[in-house]
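Participant: Here the protein sequences line up with chains Z and B, keeping their order.
With my numbering applied, the first sequence corresponds to residues 1 to 361, in that order.
With my numbering applied, the second sequence corresponds to residues 1 to 361, in that order.
If you're looking for bench data, these hints aren't it; they were derived computationally from the structure.
Treat each hint with caution, since some may be false.
Pairs involving identical chains hold if they fit within one copy or between any two copies, as the list cannot separate such chains.
[Unchecked claim] Computed list of lysine-lysine pairs in DSS-like fashion (alpha-carbon distance at most 30 Å, straight line):
(1) Lys250 x Lys162
(2) Lys166 x Lys250
(3) Lys162 x Lys339
(4) Lys5 x Lys162
(5) Lys305 x Lys166
(6) Lys305 x Lys5
(7) Lys305 x Lys162
(8) Lys166 x Lys5
Protein chains: 2
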Amino acid sequence: MTTLKNDRLLRALLRQPVDVTPVWVMRQAGRYLPEYRATRARAGSFMQLCTTPELACEVTLQPLERFDLDAAILFSDILTIPHAMGLGLHFVEGEGPQFERPVASPQDVARLGVPDPEVELRYVMDAVRVIRRQLSGRVPLIGFSGSPWTLATYMVEGRGTKEFAKVKGMMFEQPAVMHRLLEVLARSVTSYLNAQIAAGAQVVMVFDTWGGVLTPRDYREFSLRYMEQIVSGLTRENDGRRVPVVLFTKGGGAWLEAMADTGCDALGIDWTQDIGEARRRVGDRVALQGNMDPCVLYSSPERIKSEVRTILDSFGAGPGHVFNLGHGIHQHVNPDHMKVLVDAVHEQSAAGRQGRAAKTR
Amino acid sequence: MTTLKNDRLLRALLRQPVDVTPVWVMRQAGRYLPEYRATRARAGSFMQLCTTPELACEVTLQPLERFDLDAAILFSDILTIPHAMGLGLHFVEGEGPQFERPVASPQDVARLGVPDPEVELRYVMDAVRVIRRQLSGRVPLIGFSGSPWTLATYMVEGRGTKEFAKVKGMMFEQPAVMHRLLEVLARSVTSYLNAQIAAGAQVVMVFDTWGGVLTPRDYREFSLRYMEQIVSGLTRENDGRRVPVVLFTKGGGAWLEAMADTGCDALGIDWTQDIGEARRRVGDRVALQGNMDPCVLYSSPERIKSEVRTILDSFGAGPGHVFNLGHGIHQHVNPDHMKVLVDAVHEQSAAGRQGRAAKTR
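Using the sequences provided together with the hints, build the complete structure.
Facilitator: Following this line, the structure appears as C-alpha cells:
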C-alpha cells in the first residue's frame, strides 16, 4: 500500500492536531461540474455511471483536479443496497429515485436477505479499488452508505416523499415488521461498509437523510439504534490506521448527544446548528464535520470568505473540525466559488493557528 | 358581544388552569373533509374561497360541526399580504402558490407599501366578523399571518422552493435590501393582525414556515427579530380579555428559548421536539402548543390514543398545554380519526387530572 500523503482528514476526525482545517464537500463530484455532466452524458444514464467502476472513479477524481480538497468520496448512490436486494432501482428524470418493487407487506420484508457485497455489490467494491489505485495516496477515500431508516423510507414509499405516510404507517402499526426490516438493513449496511473498508475505504460515513422527520422517541428506536449497531459491527482499521466513522442525520441537531454516544468518531451537522454550540454539547467525545449553508456558495467570494471565518471562529481553537457544507452542494453553483471556499478554509485556518501561536508566545 | 362559552384555549395559552387540555388542529378546515371539498368545488377556485367571506366562514365552521374542538381558526391563506401589495397571487393545480410579479430588485422592494387591512384586505376582516357572529361565543376564533421571513421567501422566489437560492441570495448579498423588505412586512403583519383583533380575533398566531431553513445567526437577524417587532406592536386585548399571541417556527426547536423571550404567550412546536423537554427549556415563560406527528392520524384509533397519552404524559401536570399536531393535518386522513384524536385529548386529560387529584388526596 502507498503512503497517505495528506492525512489531515483522518487526523481531524480522530481529534488529532492538524496544520490546517481539512475540507471536503458533500456531492463534490456532481452536477455543478461541467466535466461531471460530460461523463454522465457519455455513460448514458445515472445507473450506468454508478455501476461502471472506471466511470465512477473518473467522476470521483474530477473535483480533486480542480480544488485542493482533503478527501475523495466514492461516487455512488445511497440506494445500492435495496437495489442489490432486488427492488429494482431506477431514476426518472426530474423525479429522483424509484423502486419497481417497493416493500409493502410482512412477506416482502421476510423475503429480503443480506446482499453479498463482493457479488451483488461488486461494482461498488471494484470502484473503491480502482479509485484507491488512481489516488495513489494523495488523499484518503471516504466510503459511505444510507442509514437503515433512510433506506427503509425509500423501500416502503417506493420513491421520494414529503409526508412519509407509508413508512410511518408501517412503523406505527407494525413496529415488529419495521424492526425486522431495519435489522436486515443494519446487517446489510455493516457488511457493505466492511467490504468497502476491505477494498480500501479509509473513512466511512452513514447518511441518515430522513432521521430528522421522526419524533425524538421514534428516532432513537427506529434510526439511531440501528446506526449504533452498525458502528459496533465495523472493522475500524485499514493499512494499519484507524478507520473513522462519521454519522450524519439531516435535521438531527436535537440529538447530537445521543449520536455522540454511539461510539462513532465524528458527527456531520447541518447549518441549522451553531457549530460552537454543538461542540460544547458533545464535548471531546467526537469530532464535528460541517456546516456551511450550501446557498452561501451562490454569493460573492467576499461573502463566502466571511462565512468561512464565522464558522471557523465559532468552532474555535483545538482539534476535531472537518469543514464541509451542511448538505450537498447545489447543482447551479459556479465551480469557481467552490475553489474560493476550499482555499479560504485552508488559508484562514492556517492564519488562525499562526495568530493563536503568536498570542501564546 | 356574546360571552365566550368555552374559554379553555385562552386560559391554556395564558397558563391558567383548565378542566381538560384544549385541542385544535392546524388546517382543521381543509381537504381531508368531504364537506370542505364540496364548498371548494362550489367556490370554483381556492382564491375565490379565500376572498368570499361567507364561504370562508362556512369552511371555518365545518370541523366544529363534526368534532368537539376548542377553537376555530380563520380560513385564509398565509400569502394574503403580498397579494394585497400587488404581487398577483395565484394557485397552479398541484404546484402550490405562485406570484405573477415576484420581488427581484431594490426598486421592487422600495415600491412596496403597507396595505390598509380594511381596504385591500377587507375580505379577510369581513370573514373574521362573519365567523365571530356565526360562532356566537361557542369557542374562540384564532386569526393568523405568515411571518415576515416566510412571506419574503415566497415574494422573492415567486413560488415554493426547496433550495431558497434567490431569497438567501438577497439575504447574503444585499442584507440592507432584505431588511427593508422585512421591515415593511413586519409593519404590514402588525397592522393586519391588529385589524383581525379589532374585527374579532381572540387569539393570533404567526406562522414562520421557513425560519427553520436558516442558520441560528440568520434566524435571529432575519426572522425572529421581526416577529419580536410584531409581538410588541400588537393590541393585546379584545372584549376585555387578553389576546394571546402564538409563534410557530417549523423546524425551530433549536431556538425555543429565544422565541420565548420575544414577549409572546405561547410557542407552537413541531413533533421533532419532546414537549416535556421543550417545557423544561422555556420554563414558565410561555405555554406550548403541539405536537403530534400528523402521520399518526393514518394509524388505528388505538395507536392514536396511545400517542395522545405519550404527549400528555410528556408535558406533565400543570397548566400551559394546548394539544395540536406538529404541522397541518394531511389531506388523506380519515375524518373519523380526527374525532378519535380530539376525544382522546379531552378524555385522557380529564382522567389524568382526576388521577392526579386522587393521588393528592
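Participant: All hints are to be evaluated individually against the structure, with a verdict given for each.
Facilitator: Checked hints:
no.: 1; hint: Lys250 x Lys162; in the structure: both (15 Å within a copy, 14 Å between copies)
no.: 2; hint: Lys166 x Lys250; in the structure: both (20 Å within a copy, 22 Å between copies)
no.: 3; hint: Lys162 x Lys339; in the structure: between (33 Å within a copy, 25 Å between copies)
no.: 4; hint: Lys5 x Lys162; in the structure: neither (43 Å within a copy, 39 Å between copies)
no.: 5; hint: Lys305 x Lys166; in the structure: between (43 Å within a copy, 20 Å between copies)
no.: 6; hint: Lys305 x Lys5; in the structure: within (27 Å within a copy, 59 Å between copies)
no.: 7; hint: Lys305 x Lys162; in the structure: between (34 Å within a copy, 24 Å between copies)
no.: 8; hint: Lys166 x Lys5; in the structure: neither (48 Å within a copy, 40 Å between copies)
In summary, the structure is inconsistent with hints 4, 8 from the numbered list given earlier, while agreeing with the others.
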